[in-house]
Amino acid sequence: MNGIHDLGGMHGLGPLVVEANEPVFHHDWERRVFGMFLPIFATGTFNVDELRAAIERMGAPAYLNTTYYEHWLHAYETLLVGKGVLTQAELAARQRQIAAGAH
Amino acid sequence: MAISPEQALAAAAAGASARVAQAMTPRFNVGDHVMVSNINPPGHTRMPRYIRGKRGVIARDHGVFIFPDTYAAGRGERPQHVYSVRFTSHELWGTHGRANDELFVDVWDDYMERA
Amino acid sequence: MSTNHNRPLSEVEIRVKALESLLVEKGLIDPAAVDALIDAYEHKIGPRNGAKVVARAWTDPDYKQRLLVDGTKAIAELGFSGVQGEDMVVIENTPQVHNVLVCTLCSCYPWPTLGLPPVWYKSAPYRSRVVSEPRGVLQEFGLELADSVQVRVWDSTAELRYMVLPERPAGTEGWTEDALAELVTRDAMIGVTKVVVPGK
Numbered sequence: 001m002n003g004i005h006d007l008g009g010m011h012g013l014g015p016l017v018v019e020a021n022e023p024v025f026h027h028d029w030e031r032r033v034f035g036m037f038l039p040i041f042a043t044g045t046f047n048v049d050e051l052r053a054a055i056e057r058m059g060a061p062a063y064l065n066t067t068y069y070e071h072w073l074h075a076y077e078t079l080l081v082g083k084g085v086l087t088q089a090e091l092a093a094r095q096r097q098i099a100a101g102a103h
Numbered sequence: 104m105a106i107s108p109e110q111a112l113a114a115a116a117a118g119a120s121a122r123v124a125q126a127m128t129p130r131f132n133v134g135d136h137v138m139v140s141n142i143n144p145p146g147h148t149r150m151p152r153y154i155r156g157k158r159g160v161i162a163r164d165h166g167v168f169i170f171p172d173t174y175a176a177g178r179g180e181r182p183q184h185v186y187s188v189r190f191t192s193h194e195l196w197g198t199h200g201r202a203n204d205e206l207f208v209d210v211w212d213d214y215m216e217r218a
Numbered sequence: 219m220s221t222n223h224n225r226p227l228s229e230v231e232i233r234v235k236a237l238e239s240l241l242v243e244k245g246l247i248d249p250a251a252v253d254a255l256i257d258a259y260e261h262k263i264g265p266r267n268g269a270k271v272v273a274r275a276w277t278d279p280d281y282k283q284r285l286l287v288d289g290t291k292a293i294a295e296l297g298f299s300g301v302q303g304e305d306m307v308v309i310e311n312t313p314q315v316h317n318v319l320v321c322t323l324c325s326c327y328p329w330p331t332l333g334l335p336p337v338w339y340k341s342a343p344y345r346s347r348v349v350s351e352p353r354g355v356l357q358e359f360g361l362e363l364a365d366s367v368q369v370r371v372w373d374s375t376a377e378l379r380y381m382v383l384p385e386r387p388a389g390t391e392g393w394t395e396d397a398l399a400e401l402v403t404r405d406a407m408i409g410v411t412k413v414v415v416p417g418k
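Residue numbers (the numbering used here), protein chains in the order written: chain H, 1 to 103; chain P, 104 to 218; chain E, 219 to 418.
Derived by calculation from the structure, the hints in this document are not laboratory data. Idealized CB from N, CA, C, for every residue including glycine. Treat the hints with caution; some may be incorrect.
[To be verified] The calculated label-pair distances, taken between Cβ atoms and stated as ranges, are:
| # | chain 1 | residue 1 | chain 2 | residue 2 | range |
| --- | --- | --- | --- | --- | --- |
| 1 | E | Pro226 | H | Asn65 | 20 to 26 Å |
| 2 | E | Glu385 | H | Ala20 | 19 to 25 Å |
| 3 | P | Ala124 | E | Asp280 | 26 to 32 Å |
| 4 | H | Ala60 | E | Ala250 | 47 to 53 Å |
[To be verified] Below, a list of computed lysine to aspartate or glutamate pairs in the DMTMM-like style, where the Cα atoms sit at most 25 Å apart:
| # | chain 1 | residue 1 | chain 2 | residue 2 |
| --- | --- | --- | --- | --- |
| 5 | E | Lys412 | E | Glu310 |
| 6 | E | Lys412 | H | Glu22 |
| 7 | E | Lys340 | H | Glu90 |
| 8 | E | Lys244 | H | Asp28 |
| 9 | E | Lys235 | E | Asp253 |
| 10 | E | Lys262 | P | Glu109 |
| 11 | E | Lys412 | H | Glu77 |
| 12 | E | Lys282 | H | Glu90 |
| 13 | E | Lys244 | H | Glu77 |
| 14 | E | Lys291 | E | Asp280 |
| 15 | E | Lys282 | E | Asp248 |
| 16 | H | Lys83 | E | Asp248 |
| 17 | E | Lys270 | E | Glu400 |
| 18 | E | Lys291 | H | Glu19 |
| 19 | E | Lys235 | P | Asp164 |
| 20 | E | Lys340 | H | Asp28 |
| 21 | H | Lys83 | E | Glu243 |
| 22 | E | Lys244 | H | Glu90 |
| 23 | E | Lys340 | E | Glu310 |
| 24 | E | Lys262 | H | Glu77 |
| 25 | E | Lys291 | P | Glu109 |
| 26 | E | Lys412 | E | Glu395 |
| 27 | E | Lys412 | E | Glu385 |
| 28 | E | Lys412 | E | Asp288 |
| 29 | E | Lys262 | E | Asp305 |
| 30 | E | Lys262 | H | Glu90 |
| 31 | H | Lys83 | E | Glu231 |
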């Protein structure tokens, strides 16, 4: 698809920012998102091309305003719900429980 | 059902190549002049827009791989050759290109025509 | 690991915890497997692996030959293989040719030899610009190339993963492989800088 992910040759995407001595992960949640990658694949629910395609469908504003591991998280949620492994309702309910400190 | 830590580390070290062990006659040979098709599929594709309709030269044949355009859509592996295609900077960027500079892009067989 | 228990969880933290806890509850993933993978990629798999490959190539011409012909196999000789490095191509920088890597579509990167990619490599500014104005991007990394040097950009849009074999810096004749490996940086193996001897 002619999506925002296809960035080669575009102008106007801002300055190149390079962090000196960058850590492998910046937040603990990034660690968890990365670490779930292979275990989720091992369930056989989707392949890596489907993961890329799910990221590409997230929409230009969301794609540009979120980070690499948020793209992965979006793809996990979308594909796991789309394939019927989880439901949107149970995901939302669990998020509410966690936000309330009840899980 | 869930993989164990040992299985996870073994899977990481083993990898999962998209290379397909299937002999197929390549449609192009190193040195062939090619033109990238101007396709605009609404689904997943690994052909970046900036090479569409551009002319390049086959620099290397990487062998046979799964085709992501079909594999991402549940339409099978459709294995085919992937080639490293060399483009001049001027071909891709016109007058904003630089004489002598080059770009190499890995391109699936289905994305190209003979130029 | 900074966990501030007084701070409310952010939206993304809530989403990650919700997803992981549901998958664990359903028996689909083992959190210990997640921990093991995090530890491996945070502490064991990184650019020091690639640096060893480069130092070997600099000191062993036969190895270098094998590396340039079949990167995957030669890298595996040093024990490095796996996810996002299944099919490796190593390209050599010379005084006449400078190579630089990108993945314009999705940030593909050779994990077994370079580890996980830095944020700038995955960023829209790098991915958009390095293909169309590589010399300008390299300048921002402090690398000025003469007009006579050819720049080759490699966009890893398919299943091949690339690594640059940088030029061995002058003044390192007789150095041990270990000492040479210490000089090799991640950025030089992406091709946005050269390898230099500190203080020179």
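These are the hints, each one checked on the structure:
no.: 1; hint: E:Pro226 x H:Asn65: 20 to 26 Å; in the structure: holds, 21 Å
no.: 2; hint: E:Glu385 x H:Ala20: 19 to 25 Å; in the structure: holds, 23 Å
no.: 3; hint: P:Ala124 x E:Asp280: 26 to 32 Å; in the structure: holds, 28 Å
no.: 4; hint: H:Ala60 x E:Ala250: 47 to 53 Å; in the structure: violated, 38 Å
no.: 5; hint: E:Lys412 x E:Glu310; in the structure: holds, 12 Å
no.: 6; hint: E:Lys412 x H:Glu22; in the structure: holds, 19 Å
no.: 7; hint: E:Lys340 x H:Glu90; in the structure: violated, 32 Å
no.: 8; hint: E:Lys244 x H:Asp28; in the structure: holds, 23 Å
no.: 9; hint: E:Lys235 x E:Asp253; in the structure: holds, 14 Å
no.: 10; hint: E:Lys262 x P:Glu109; in the structure: holds, 15 Å
no.: 11; hint: E:Lys412 x H:Glu77; in the structure: violated, 41 Å
no.: 12; hint: E:Lys282 x H:Glu90; in the structure: violated, 54 Å
no.: 13; hint: E:Lys244 x H:Glu77; in the structure: holds, 15 Å
no.: 14; hint: E:Lys291 x E:Asp280; in the structure: holds, 13 Å
no.: 15; hint: E:Lys282 x E:Asp248; in the structure: violated, 41 Å
no.: 16; hint: H:Lys83 x E:Asp248; in the structure: holds, 20 Å
no.: 17; hint: E:Lys270 x E:Glu400; in the structure: holds, 9 Å
no.: 18; hint: E:Lys291 x H:Glu19; in the structure: violated, 33 Å
no.: 19; hint: E:Lys235 x P:Asp164; in the structure: violated, 44 Å
no.: 20; hint: E:Lys340 x H:Asp28; in the structure: holds, 19 Å
no.: 21; hint: H:Lys83 x E:Glu243; in the structure: holds, 18 Å
no.: 22; hint: E:Lys244 x H:Glu90; in the structure: holds, 12 Å
no.: 23; hint: E:Lys340 x E:Glu310; in the structure: holds, 23 Å
no.: 24; hint: E:Lys262 x H:Glu77; in the structure: violated, 29 Å
no.: 25; hint: E:Lys291 x P:Glu109; in the structure: holds, 24 Å
no.: 26; hint: E:Lys412 x E:Glu395; in the structure: holds, 18 Å
no.: 27; hint: E:Lys412 x E:Glu385; in the structure: holds, 7 Å
no.: 28; hint: E:Lys412 x E:Asp288; in the structure: holds, 23 Å
no.: 29; hint: E:Lys262 x E:Asp305; in the structure: holds, 20 Å
no.: 30; hint: E:Lys262 x H:Glu90; in the structure: violated, 36 Å
no.: 31; hint: H:Lys83 x E:Glu231; in the structure: holds, 23 Å
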